[in-house]
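Start from the sequences, fold in the hints, and give me the full structure.
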Amino acid sequence: MGEKIMYDTIFARSFSRYDQKKLGYGAFLACFLIALSFSTVFKPYLGPLTVNKRLSINDGLKMVRANDTISSNATFFSNVVISFNATVEMVSDGSSNMSSTSRNDTIGSSTSSSKTLGFNYTNGVIRNDTRLMPVLEINNGSSSQQGQGGVPEKIIEPICNIQGRTEFCEMNGDIRINGKSSTVLQVGMMTENSSWIIGPYARKGDREALSHVTKWRVKTGVKDGDNGVHQCNRYHGVPAVVFSLGGYAGNNFHDYTDIIIPLYLTSRRFNGEVKFLITNKNPWWINKFKTILRNLSHYDPIDIDNEQQVHCFPTVIIGLKRDPKELTIDPSRSPHSMKEFRQFLRTTYSLKKTTAVKLTNNNRKKRPRLLILSRKKTRAFTNTKAIATMARTLGYKVTIAETDSNVAKVAETINACDVMMGVHGAGLTNMVFLPSNAILIQIVPIGGFEWLARTDFEEPSKGMNLRYLEYKIKTEESTLIQQYPPYHEVIRNPGAIAKQGWDAFKAVYLQQQNVKLDIHRFRPILSRAIELLHE
1426 MGEKIMYDTI FARSFSRYDQ KKLGYGAFLA CFLIALSFST VFKPYLGPLT VNKRLSINDG
1486 LKMVRANDTI SSNATFFSNV VISFNATVEM VSDGSSNMSS TSRNDTIGSS TSSSKTLGFN
1546 YTNGVIRNDT RLMPVLEINN GSSSQQGQGG VPEKIIEPIC NIQGRTEFCE MNGDIRINGK
1606 SSTVLQVGMM TENSSWIIGP YARKGDREAL SHVTKWRVKT GVKDGDNGVH QCNRYHGVPA
1666 VVFSLGGYAG NNFHDYTDII IPLYLTSRRF NGEVKFLITN KNPWWINKFK TILRNLSHYD
1726 PIDIDNEQQV HCFPTVIIGL KRDPKELTID PSRSPHSMKE FRQFLRTTYS LKKTTAVKLT
1786 NNNRKKRPRL LILSRKKTRA FTNTKAIATM ARTLGYKVTI AETDSNVAKV AETINACDVM
1846 MGVHGAGLTN MVFLPSNAIL IQIVPIGGFE WLARTDFEEP SKGMNLRYLE YKIKTEESTL
1906 IQQYPPYHEV IRNPGAIAKQ GWDAFKAVYL QQQNVKLDIH RFRPILSRAI ELLHE
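Numbering (my numbering), first residue to last: 1426 to 1960.
Honestly, the hints are just simulated from the structure, not real lab data. It is possible that some hints are incorrect.
As the list claims (entries may be wrong) - The calculated DSS-like cross-link candidates involving lysine-lysine, where the alpha carbons are at most 25 Å apart (straight line), are: (1) Lys-1897 / Lys-1822; (2) Lys-1810 / Lys-1715; (3) Lys-1790 / Lys-1801; (4) Lys-1783 / Lys-1750; (5) Lys-1897 / Lys-1810; (6) Lys-1801 / Lys-1777; (7) Lys-1931 / Lys-1802; (8) Lys-1648 / Lys-1810; (9) Lys-1778 / Lys-1713; (10) Lys-1790 / Lys-1715; (11) Lys-1777 / Lys-1791; (12) Lys-1899 / Lys-1750; (13) Lys-1790 / Lys-1778; (14) Lys-1931 / Lys-1629; (15) Lys-1706 / Lys-1644; (16) Lys-1648 / Lys-1629; (17) Lys-1791 / Lys-1713; (18) Lys-1629 / Lys-1706; (19) Lys-1887 / Lys-1750; (20) Lys-1791 / Lys-1802; (21) Lys-1931 / Lys-1897; (22) Lys-1640 / Lys-1629; (23) Lys-1777 / Lys-1822; (24) Lys-1777 / Lys-1802; (25) Lys-1931 / Lys-1801; (26) Lys-1629 / Lys-1605; (27) Lys-1801 / Lys-1897; (28) Lys-1834 / Lys-1777; (29) Lys-1899 / Lys-1801.
Stated by the list, open to error - What follows is a list of derived Cβ distance ranges for each label pair: (30) Glu-1837 / Asn-1786: 28 to 36 Å; (31) Thr-1809 / Glu-1732: 47 to 55 Å; (32) Glu-1732 / Lys-1764: 48 to 56 Å; (33) Pro-1756 / Asp-1651: 42 to 50 Å; (34) Tyr-1909 / Thr-1809: 21 to 29 Å; (35) Ala-1929 / Glu-1827: 25 to 33 Å; (36) His-1913 / Asn-1787: 23 to 31 Å; (37) His-1913 / Ile-1584: 50 to 58 Å.
We put the beta carbon where it would ideally sit given N, CA and C, even for glycine.
Here it is as structure tokens:
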């Protein structure tokens, strides 16, 4: 204790209070410098921190917009995966600035190109989910081919389907389309060359339909400088869908089952940010369905067959997706459904009625509206007025109408009705505009139409939330009895005519036959429809 007092006395005499403070501060600074030197000496032995984070779209875009050059040995980007639903535009001006593409076109040149770097990769495996938008993956030390700015380019296999009722391919990366030669090229993204032919019309196997469809050659694995590989004249910052208006376009049934519904299935995921490249252009068809086209794409369709320029896109789908069944979208196999498609039509044409009338015994003033689809040429009712008179006695409001190319007017007329009846034919396709729980009555002519009636309208009506009734006419109700004797094959054995081929069947039963309904025999069908509206 005495020694400590002596030490404190000597220390106090040797230094003033101010000098003591200076000495304390100096000691603290010396300790800090020693610790810093220790950290510097042993830094090489400290393991780097691994960053492994899946970023949101906003954070990901902020990162890739940084002006710093991304090099192949950039430690910060090691093991970073950026996932976002946007196409990335690579600007080859010596830097690696990236930005999400906008709706406006960018005219391509030697100083600008676009890459969509793959689908959703996990450990190098492509997830074949066509509903996913492209993913940018930056992986330090990858063995993949190095792209612009040191970013490795993943090998992007096209996602193709050549089975079922249609064939299509979805391609990503540097995709170039030459309308003059009907070719689609995937440039520089593949290890092996591949080539195949696609007819972009959703009725595979139908030789008659495909004989009117331009065949397109699809090539992958080509490189700049290869023979036939042209430079981009015009670059588009949005995806493209290539499809044909050949085939049976112009027939209302095929317009919807082969083109409109498949186009909806193929392009809806892009929410309008997609361009339609039409081969076998049909101006009349485009004008008829212009309202639907405008609601699926924010851009004017391109007549690709007559384009002199080479158009380039980050994503191209050539051909259309479709369900194997007619007028159908199976929600178990697709992110969409016929319910959703019909809502799209209601929105597109501003249709007011969503559900058919609900009849009750307490309100007998409500009267359901019946639409009788009339036809002028074939399979027409020859006693339309008598049918309408009988229907009114049952309590119907009756509308008699023939469909035409004014889709908006047709949609409004049909949407206002609770029951629609007509002879088997393309006009019944307009059931897509009926309100939910409405009733479709199909009149089936003679000639073995049962399978057509079932596949074309009965089965599809179920997916549209409609009720279905069917009336098969007797021989006496067909005008064919006036053209052929009772013992003729046309009357006695329709199967023999069908064996002669579709053209023979069509010439007799589709083009020569009209219908005179037996009013008394048909009346119970309309009565049953009223009962269904009570349920």
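Hints versus structure:
A hinted pair counts as satisfied when its Cα atoms are at most 25 Å apart, and Lys-1897 with Lys-1822 qualifies at roughly 24 Å. Between Lys-1810 and Lys-1715, the direct Cα distance comes to roughly 35 Å. Violation of the 25 Å bound is thereby established for this hinted pair. Between Lys-1790 and Lys-1801 the CA atoms are separated by roughly 34 Å; this puts the pair beyond 25 Å, and the hint is violated. With a C-alpha separation of about 31 Å, the suggested pairing of Lys-1783 with Lys-1750 is violated against the 25 Å cut-off.
Under the criterion of a C-alpha separation no larger than 25 Å, the hint pairing Lys-1897 with Lys-1810 is consistent with the structure, at around 20 Å. For the proposed pair Lys-1801 and Lys-1777, the alpha carbon gap of about 29 Å is over 25 Å, so the pair is violated. Under the criterion of a C-alpha separation no larger than 25 Å, the hint pairing Lys-1931 with Lys-1802 is consistent with the structure, at around 14 Å. Our distance criterion of 25 Å between C-alpha atoms is broken by Lys-1648 and Lys-1810, whose separation comes to about 68 Å.
With a CA separation close to 23 Å, the supplied pair Lys-1778 and Lys-1713 stays within the 25 Å bound. Among the hinted pairs, Lys-1790 with Lys-1715 is inconsistent with the structure: their alpha-carbon atoms are about 40 Å apart, more than 25 Å. Proposed proximity of Lys-1777 and Lys-1791 is supported: the alpha carbons are some 18 Å apart, at most 25 Å. Note on Lys-1899 and Lys-1750: the hinted pairing is violated, with a Cα-Cα distance of about 29 Å set against a maximum of 25 Å.
A threshold of 25 Å between alpha carbons decides the hint, and for Lys-1790 with Lys-1778 the separation of about 19 Å falls inside it, so the pair holds. Between Lys-1931 and Lys-1629 the CA atoms are separated by roughly 21 Å; this keeps the pair inside 25 Å, and the hint holds. Distance restraint check for Lys-1706 and Lys-1644: the Cα-Cα separation of roughly 23 Å lies within the 25 Å cut-off, and the hinted pair is therefore satisfied. Restraint check: the Cα-Cα separation between Lys-1648 and Lys-1629 comes to about 31 Å, which exceeds 25 Å; the hinted pair is violated.
Distance check on the hinted pair: Lys-1791 and Lys-1713 sit about 35 Å apart at the alpha-carbon level, beyond 25 Å; violated. Proximity of Lys-1629 to Lys-1706 is assessed by CA-CA distance (about 19 Å); at most 25 Å being required, the pair is judged to hold. Restraint check for Lys-1887 and Lys-1750: satisfied, since their Cα atoms lie roughly 12 Å apart, inside the 25 Å limit. Between Lys-1791 and Lys-1802, the direct Cα distance comes to roughly 35 Å. Violation of the 25 Å bound is thereby established for this hinted pair.
Pair hint Lys-1931 plus Lys-1897 holds up; C-alpha atoms about 18 Å apart against a cutoff of 25 Å. Only pairs whose Cα atoms come within 25 Å are accepted, and Lys-1640 paired with Lys-1629 is accepted, the gap being roughly 12 Å. Pair hint Lys-1777 plus Lys-1822 holds up; C-alpha atoms about 18 Å apart against a cutoff of 25 Å. The straight-line distance between the Cα atoms of Lys-1777 and Lys-1802 is roughly 32 Å, outside the 25 Å bound, and the hint therefore fails.
Of the supplied pair hints, the one linking Lys-1931 and Lys-1801 holds, its CA atoms being roughly 17 Å apart against a limit of 25 Å. Distance check on the hinted pair: Lys-1629 and Lys-1605 sit about 24 Å apart at the alpha-carbon level, within 25 Å; holds. A distance of roughly 21 Å separates the Cα atoms of Lys-1801 and Lys-1897; the hinted pair therefore holds under the 25 Å criterion. Of the pairs offered as hints, the one joining Lys-1834 and Lys-1777 holds, with about 13 Å between alpha carbons and a cut-off of 25 Å not exceeded.
With a C-alpha separation of about 21 Å, the suggested pair Lys-1899 and Lys-1801 falls inside the 25 Å cut-off, and the hint holds. Between Glu-1837 and Asn-1786 the Cβ separation comes to about 31 Å, which falls inside the hinted range of 28 to 36 Å. At about 48 Å, the beta-carbon gap between Thr-1809 and Glu-1732 stays in the expected band of 47 to 55 Å. Taking the beta carbon of each, Glu-1732 and Lys-1764 are about 37 Å apart, not inside 48 to 56 Å as hinted.
Against the hinted window of 42 to 50 Å, the Cβ-Cβ separation of Pro-1756 and Asp-1651 comes to about 43 Å, which satisfies the hint. Separation of Tyr-1909 from Thr-1809 is about 24 Å and conforms to the stated range, judged on CB atoms against 21 to 29 Å. About 28 Å separates the C-beta atoms of Ala-1929 and Glu-1827, a value consistent with the hinted range of 25 to 33 Å. Checked against the hint of 23 to 31 Å, the pair His-1913 and Asn-1787 fails, with Cβ atoms roughly 54 Å apart.
Restraint check, His-1913 to Ile-1584: a C-beta distance of roughly 53 Å satisfies the suggested window 50 to 58 Å.
Hints 2, 3, 4, 6, 8, 10, 12, 16, 17, 20, 24, 32 and 36, counting from the list given before, are not met by this structure.
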